[in-house]
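Grab the two chains, each in its own frame, and use the hints to assemble them into the complex.
Residue numbers (the numbering used here), protein chains in the order written: chain A, 1 to 265; chain B, 266 to 541.
Where hints are given, some of them may not hold.
Claimed, not checked - The following label-pair restraints were derived from C-beta to C-beta distances: (1) A/Thr-77 / B/Leu-293: 48 to 54 Å; (2) A/Ala-19 / B/Ile-371: 26 to 32 Å; (3) A/Glu-195 / B/Cys-359: 48 to 54 Å.
Calculated directly from the structure, the hints in this document are not laboratory data. These numbers come from a predicted model, not from an experiment. Just so it is clear, CB atoms sit at the ideal spot from N, CA and C, and this is done for glycine as well.
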Amino acid sequence: MTLLAIENLSKRFSSGGRAVAAVGDVSLTLEPGETLGLVGASGSGKSTLARILMRLLPADAGSIRFEGEDWLSLSGTDLRRHRARMQMVFQDVLGAFNPRATVASVLDDPLRIHDIVPKAGRAQEIAALLDRVGLPASYAGRSIREVSGGQRQRIAIARAIATKPSLIVLDEAVSALDVSIRGRILELLVELQEERGISYLFVSHDLAVLRAVSHRIAVMEAGRLVETGPMRQVIENPQSPAAKALVNAVPRLVTQPTEGPFHDV
Amino acid sequence: MRLLRDLLRTPEGAIGLGILAALALVALFAPVLSPGDPLRIAGRALLPPFTDPAFPLGTDRLGRDVLAGILHGTRTSLAVGLAAALAAIAIGLCVGLTAGFAGGLIDEGLMRVVDAFQIVPSFLLALAFVSVIGASVPVVVLAIALGAWADPARLTRAQVLSIRERDYVASARVIGMHPAEIAFREILPNALPPVLALSAIIVAAAILTEAALSFLGLGDPNVVTWGSMIAEGRNILRSSPSLSIFPGIALVITVIGVYLFSEGLTKAFAGRRLEP
Ligand SMILES: Nc1ncnc2c1ncn2[C@@H]1O[C@H](COP(=O)(O)OP(=O)(O)O)[C@@H](O)[C@H]1O
Ligand SMILES: [Mg+2]
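So here's chain B without its partners, still in its complex pose (with noise of 0.2 Å):
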């Protein structure tokens, strides 16, 4: 709750939470706003917009609505943005713990790992992931994260490492804190916090590397997605480009929040660091 309020005190974290809690209203009350399955054919192809109240985005080539896209795209995003980023931060946490903890040959072992994955670029292993194995959106979220968690592997090891040597731990130890105690109620959650703000930036990658898998018609084809609507329109870019103007707007505006919310959470984090 303290953390909402110096959240909210930055520009950046309040216009942030603004986007992604309208954001979050379209995706959850989507199926209301526009009942019924946005990919169907719901009138004329290629209306232009705002020149019919039923259809204010207009239609597409098949004549399905452009905004119940949008709105039901928004769904796809965050859900496959959050869930990726969760995916990669949960693995990532998990990895970085075991490698600060542990240390020797294990910490050895599994940096190995995350080197590797940190060295192909995570477009390219996604891409590669869904080609061979199919696209749905179970397995777009599996190869969003495994390109993604090498990052909070990362920090949150080098978090687990400083942290281990402070004062505070030495004090639990003198206590005769256990140590399964001292690794989770003195380091996990003062490790946390840089690992989650830096959530916010692997959800904007993830909702991009979703739309760019989408556009490549490598995306779920049973859902409608941004990045599919952007590939829709491209084919008739000249003629019609409201068709991938649209979603492309409604991508900028949510990595953008999404941005501004992480810029916030982390300045929210370093004011109470500073705190006397």
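Just chain A, same shape as in the assembly (with noise of 0.2 Å):
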């Protein structure tokens, strides 16, 4: 069964007199355990589109179903009962977290509000969960301010699986991290995916790092999807303008014998 159906999806927004649509009439759908990258140029409403899905922002137009419901007709308890069956991970690693928050406390939120474990085996399931992203459990007591980029990002991803949720929404989620981390966040990823069958919407500017993930690839320009197909045939032969620019936009994407991706496609 299809997990998620976005259908005719629109949100404009007026800034200074005038309109921007940044989305457009936007449809696509997610199965279970698949991950779609959704690329586009900067300010093509990528983020908008991610926002919308996670009910910070509220769409103009369109419907969205996710595992069966009316997503954007759920609100007040409903809704954030709910919400534990799609999580999302930030691009700033910092902005992210309260800067008051401690690894303990960033990971007790989701446990505590769904009351996933009870209160006695929290810690226990804080350290489990840290341990699952490749993190010493000593880490619990630390500051969210006192561990680095990439651990915070390693931090976000076990706050986002915390809930064993079905969808995980990826906003730019590896794009402020260190090239050389990238690939360990990513791989990371793909293994709790494996695990777990989570499904992604991993939103990205960079087509190399969706080529590392993906399974299909779906292209926005200016608000509208203008192309969707499986990962290999938008890279190597992409059809609209805008795909064939982000194509080109890394180079050697092509040609580079398939030495990274983590899936075996």
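Written out as structure tokens, the structure is:
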């Protein structure tokens, strides 16, 4: 069964008198355990789409079905309860955490709010989550400001998987990281997917990143979806001018032997 | 505790805190340092300073001990200054938080009231308030607070509006945190520090306003204040300038102490934010 179906989603912003169609009539679907790479130049509406999906922004028009629910009609307690199933990892590894938070409190919040494990078992669950994302349990006591960017993104991933979601939206989740750390974070994401069957909507402006994790790729330009297809097809034989420009922006993306991908296609 | 350490690391903070601690001790132990009513007639009138060990700073026109007045005046100044600032911050926080969180018409309405209070000079407001209701310590406190709450209200609102848009608030919403918990655990604690840094300035302004009101004879007549001592000494400024100079020095030291403390506090907060 299709996990997520977005239909004819639209969102306009009016800033300074003129309206911008940040997302215009976008439709796409996502299957369980699948990674859809959403690519587009900066300002093409990717983050807006992700934020509407996360119910951080209201949509102007369109509908979203997620796990059989009319996702946009949920509200209040009902919405908060269902949020456990769809999580998000942000780009800004510093800004996404309350500066006063500790590693333990970051991971405790979702466990407490959704009552994932009883209070007595939380410390153990936090240690298990840290271990799962490759961090020592002793990190629990640290302030979030005392850990590096790559480690913070691991903690963000741990927080996202804490509620056992079926979908994680990653908005430029590795764009702020050093290239050396990027690969390992992507590897971790692919491992978690294979282990738990989580779907990813992976938003990035960088096709090189998406090639490493995506099954399918959707290309956005000026708020519209201009091309969707299997990862290989979009990269090796882009149809739209926008997709061609994005492929050309990454030197040797096609000619290079596929050294990196963690998925065997 | 960490903030205290950061604060003491800045020279301003260390000196300011030292001055304020000394003043607080004086205020606390004024009845021990100089027992009895400071307003009572204690000796010969107009004794010059540094002549009689019993009255190190001399006496005024009525024979009241100047040192006793200054020591006890510390109590009034600090108490009124702190109480007024506390009231101003409390009102400002409530109004700013409500405006920031509610938005819409409530925000509009509250901010117009804030505008109105910011346009009226705060000293005139205090003056009018005390003249109409009558001078007593609580009225003076309220009068000063009324002229001082607008700035913290505006700052609190601006903080809330800016923090509300941060990714960590979005992240809290994404994990399904209740809006009330987001407001009180995610936004409020991060909105407070700059407002608290502002509070030191408000204390200094409140102490000066209190002194000015007392100087104009609008302070509480039943307690001794530096302002009323300066006003008292003004009549014989030529023959006994020390009567006005000593309380004036006390006032200046206090305000400088508060100012340095607030500078140190601001720097300590800024330093924390710069940490990796
Ligand atoms: N809150 C907002 N108010 C006004 N315009 C916005 C807002 N957020 C995004 N936009 C506009 O919407 C368009 C899409 O932005 P965004 O979704 O952030 O793109 P991307 O993530 O692909 O870089 C841009 O033109 C941007 O300026
Ligand atoms: Mg973006």
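Each hint, compared with the structure:
1. A/Thr-77 / B/Leu-293: 48 to 54 Å: holds, 51 Å
2. A/Ala-19 / B/Ile-371: 26 to 32 Å: holds, 28 Å
3. A/Glu-195 / B/Cys-359: 48 to 54 Å: Cβ of A/Glu-195 to Cβ of B/Cys-359: about 49 Å, so the range 48 to 54 Å holds.
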